[in-house]
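Asks: Since the structure of chain A is already known, use the hints to place chain B on it.
If you read the sequences in order, they're chains A and B.
Position 128 of the first sequence, counting from 1, maps to 128 under this note's numbering, and the rest follow consecutively.
Position 79 of the second sequence, counting from 1, maps to 1079 under this note's numbering, and the rest follow consecutively.
The hints are simulated quantities; they were obtained by calculation from the structure and are not laboratory data.
Source: prediction; values computed, not measured.
Incorrect hints may have been included.
Result set (SDA-like, lysine to any residue): computed pairs, CA atoms no more than 20 Å apart in a straight line [what the hints assert, rightly or not]:
no. : chain 1 : residue 1 : chain 2 : residue 2
1   : B       : Lys1024   : A       : Lys19
2   : A       : Lys115    : B       : Ala1058
3   : B       : Lys1108   : A       : Asn211
4   : B       : Lys1020   : A       : Gln72
5   : B       : Lys1020   : A       : Glu71
6   : B       : Lys1024   : A       : Ala95
7   : B       : Lys1024   : A       : Arg67
8   : B       : Lys1024   : A       : Asn211
9   : B       : Lys1020   : A       : Ala37
10  : B       : Lys1024   : A       : Ala33
11  : B       : Lys1219   : B       : Ala1023
12  : B       : Lys1219   : B       : Ile1201
13  : B       : Lys1024   : A       : Arg41
14  : B       : Lys1108   : B       : Glu1090
15  : B       : Lys1020   : A       : Lys19
16  : B       : Lys1104   : B       : Gln1137
17  : B       : Lys1024   : A       : Gln72
18  : B       : Lys1215   : B       : Leu1203
19  : B       : Lys1219   : B       : Gly1040
20  : B       : Lys1020   : A       : Ala33
21  : B       : Lys1020   : A       : Ala95
22  : B       : Lys1020   : A       : Glu94
23  : B       : Lys1020   : A       : Arg68
24  : B       : Lys1024   : A       : Arg133
25  : B       : Lys1024   : A       : Glu34
26  : B       : Lys1020   : A       : Glu34
27  : A       : Lys19     : A       : Gly221
28  : A       : Lys115    : B       : Lys1219
29  : B       : Lys1024   : A       : Phe38
30  : B       : Lys1020   : A       : Arg91
31  : A       : Lys115    : A       : Thr104
32  : B       : Lys1020   : A       : Asp64
33  : B       : Lys1020   : A       : Arg41
34  : B       : Lys1024   : A       : Glu71
35  : A       : Lys115    : B       : Gly1095
36  : A       : Lys115    : B       : Arg1011
37  : A       : Lys115    : B       : Pro1125
38  : B       : Lys1024   : A       : Thr104
39  : B       : Lys1020   : A       : Gly90
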Amino acid sequence: MLTRRVIPCLDVDNGRVVKGVSFLNLRDAGDPAELAAFYDREGADELVFLDITASSDGRQTMVDVVRRVSEQVFIPLTVGGGIRSVEDMGRMLEAGADKVGVNTAAVQDPSLIGKCAEQFGSQCVVLAMDVKRVDKPLRVKLEGEPEAVAEAPWQVFTHGGRRPTAFDPVKWARLAVDLGAGEILLTSMNSDGTQGGYDLPLLVAISEAVNVPVIASGGAGRPDHMYDALVTGRADAVLAASVFHFGSFRIRDVKAHLAERGVPVRRT
Amino acid sequence: MPARIVIINTRAANIHSVAKALAKAGAHAEVTSDPAALAGADAAVLPGVGASDAALRAIDAAGLREPVRRFAASGRPLLCVCLGMQVLFEGSDEGSLSGLGILKGGVKLLPSDMRDVSGNRLKVPHMGWNSVTFSPQGRNHPVFEGIPDGSYFYFVHSYYCVPADESDRAGTASYGVEVCAAVARGNIVGTQFHPEKSGDIGLQIYRNFVRYAEKAAGK
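If we strip away everything but chain A, and leave its shape as in the complex, we get:
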């Protein structure tokens, strides 16, 4: 039986993990390879590395990080952040990433998804969506385009959550999958950082709209939040960062909780 996946997310800035694991006696909690190996031992089903490096010359650093990690850790590795082109994606895959997330560049030019899928296969192409709930339709001024009205109740943001778009996440998810995206990494900006649980209505809306796997992100604070995301939210995988890094609970705790309540998980 296919198991539901539990995925830690690591933010990388100039080759170093920031907000790194703080509770463990690691030699170097900022070393991506050491942390990846740690989470592999902990039973992580995959790893997501998010490159938050602001400068473009830092990009090569991320390629080196991916190469080093993939020589030592043999579980699936997704890399996102700053991917602008088919060539960018190719560099990450060649370095050893299995999947590459696209966000801002895909919103600006949706055909990028199709080009990447054609070149490398849909299984490599992850649509990353940062989504915010809006109470009433918002007017959005898009660069080079006339003013558009975003449709309630949700809105897609780009540029690390700083810039609004007129994209409705449900329609955007459907379009991206039609174009060739093989998975969706769905982050709720409202829930992110609250540790109050994932955005379940958003998860249901996207999970039912597309036939590719959906990774829930944003809001994990307790193992039962992950159960809710997988069962009520119908997500295929749950992602979390700080609760794992700060040792609030461990991956094995999450898996024990899920297994006890009948959710299939891989125990290691």
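Replies: Here is chain B on its own, set in the frame of chain A:
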């Protein structure tokens, strides 16, 4: 002298992961598109992800179709991963090019309207860790030696193999349909899952393959 293992270049995105897993298993494997290098190898790995026709075009463009068939017929160990296993068959619903025809049978698209017993949609691609039940020929094959029945492996695929000869099936995973997770016919072994992405248990398959290659080469 270690066995000479080559990775057949299908221009697939997972070639580097396969090379790294083989390195971890103690083998230095050269990636090659050269039919002569394949002909001179003790063992070969045929990797692949993405679209079936793209992989077959890469094989044809390098003039590797007949050399791969001859290699398979020579009795030397051949490990085929994911799409590499699918192209072993006669053809695929995914593309228009004929497969290598080394194994009898075809490749079909996973149904798009599947739900599990709880009513959850079974998404396509089949992506994630699934447990594999090995058949007797799987359990008895040196490449799967010491792999416990029911072990979890990482899958990513939308199409699945349907062997015409049931005795080629080495393992099965359940995902709405019975997915052929592995095949084994003598020296020819294939996995639908990615052993290079399946943690320690996956590396065990590569270690087994390296040992099998050394033994077959008399080294």
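Asks: State for each hint whether it applies.
Replies: Here is how each hint holds up against the structure:
1. Lys1024(B) - Lys19(A): Violated, at roughly 30 Å.
2. Lys115(A) - Ala1058(B): Holds, at about 18 Å.
3. Lys1108(B) - Asn211(A): Distance of about 17 Å is within 20 Å: holds.
4. Lys1020(B) - Gln72(A): holds, 8 Å
5. Lys1020(B) - Glu71(A): holds, 6 Å
6. Lys1024(B) - Ala95(A): holds, 16 Å
7. Lys1024(B) - Arg67(A): holds, 14 Å
8. Lys1024(B) - Asn211(A): Violated, at about 35 Å.
9. Lys1020(B) - Ala37(A): holds, 15 Å
10. Lys1024(B) - Ala33(A): holds, 15 Å
11. Lys1219(B) - Ala1023(B): The given pair, whose Cα atoms are some 18 Å apart, holds under the 20 Å limit.
12. Lys1219(B) - Ile1201(B): Distance ~25 Å between Lys1219(B) and Ile1201(B) Cα, so the pair is violated.
13. Lys1024(B) - Arg41(A): holds, 17 Å
14. Lys1108(B) - Glu1090(B): Distance of about 12 Å is within 20 Å: holds.
15. Lys1020(B) - Lys19(A): The hint is violated at about 29 Å.
16. Lys1104(B) - Gln1137(B): The given pair, whose Cα atoms are some 17 Å apart, holds under the 20 Å limit.
17. Lys1024(B) - Gln72(A): holds, 8 Å
18. Lys1215(B) - Leu1203(B): holds, 18 Å
19. Lys1219(B) - Gly1040(B): holds, 15 Å
20. Lys1020(B) - Ala33(A): This hinted pair holds, its Cα atoms lying about 15 Å apart.
21. Lys1020(B) - Ala95(A): holds, 11 Å
22. Lys1020(B) - Glu94(A): Holds: Lys1020(B) and Glu94(A) sit about 12 Å apart, inside 20 Å.
23. Lys1020(B) - Arg68(A): holds, 11 Å
24. Lys1024(B) - Arg133(A): Distance ~46 Å between Lys1024(B) and Arg133(A) Cα, so the pair is violated.
25. Lys1024(B) - Glu34(A): holds, 17 Å
26. Lys1020(B) - Glu34(A): holds, 17 Å
27. Lys19(A) - Gly221(A): holds, 16 Å
28. Lys115(A) - Lys1219(B): violated, 45 Å
29. Lys1024(B) - Phe38(A): holds, 18 Å
30. Lys1020(B) - Arg91(A): It holds: about 16 Å lies between the C-alpha atoms, which stays within 20 Å.
31. Lys115(A) - Thr104(A): holds, 15 Å
32. Lys1020(B) - Asp64(A): holds, 15 Å
33. Lys1020(B) - Arg41(A): Given that 20 Å is the threshold and the Cα spacing comes to 19 Å, the pair holds.
34. Lys1024(B) - Glu71(A): holds, 8 Å
35. Lys115(A) - Gly1095(B): With Cα atoms ~18 Å apart, Lys115(A) and Gly1095(B) stay inside 20 Å; holds.
36. Lys115(A) - Arg1011(B): Answer holds: Lys115(A) to Arg1011(B) is near 16 Å, not above 20 Å.
37. Lys115(A) - Pro1125(B): holds, 19 Å
38. Lys1024(B) - Thr104(A): Distance ~36 Å between Lys1024(B) and Thr104(A) Cα, so the pair is violated.
39. Lys1020(B) - Gly90(A): holds, 17 Å
In terms of the numbered hints stated before, the structure departs from hints 1, 8, 12, 15, 24, 28, 38, listed from lowest to highest.
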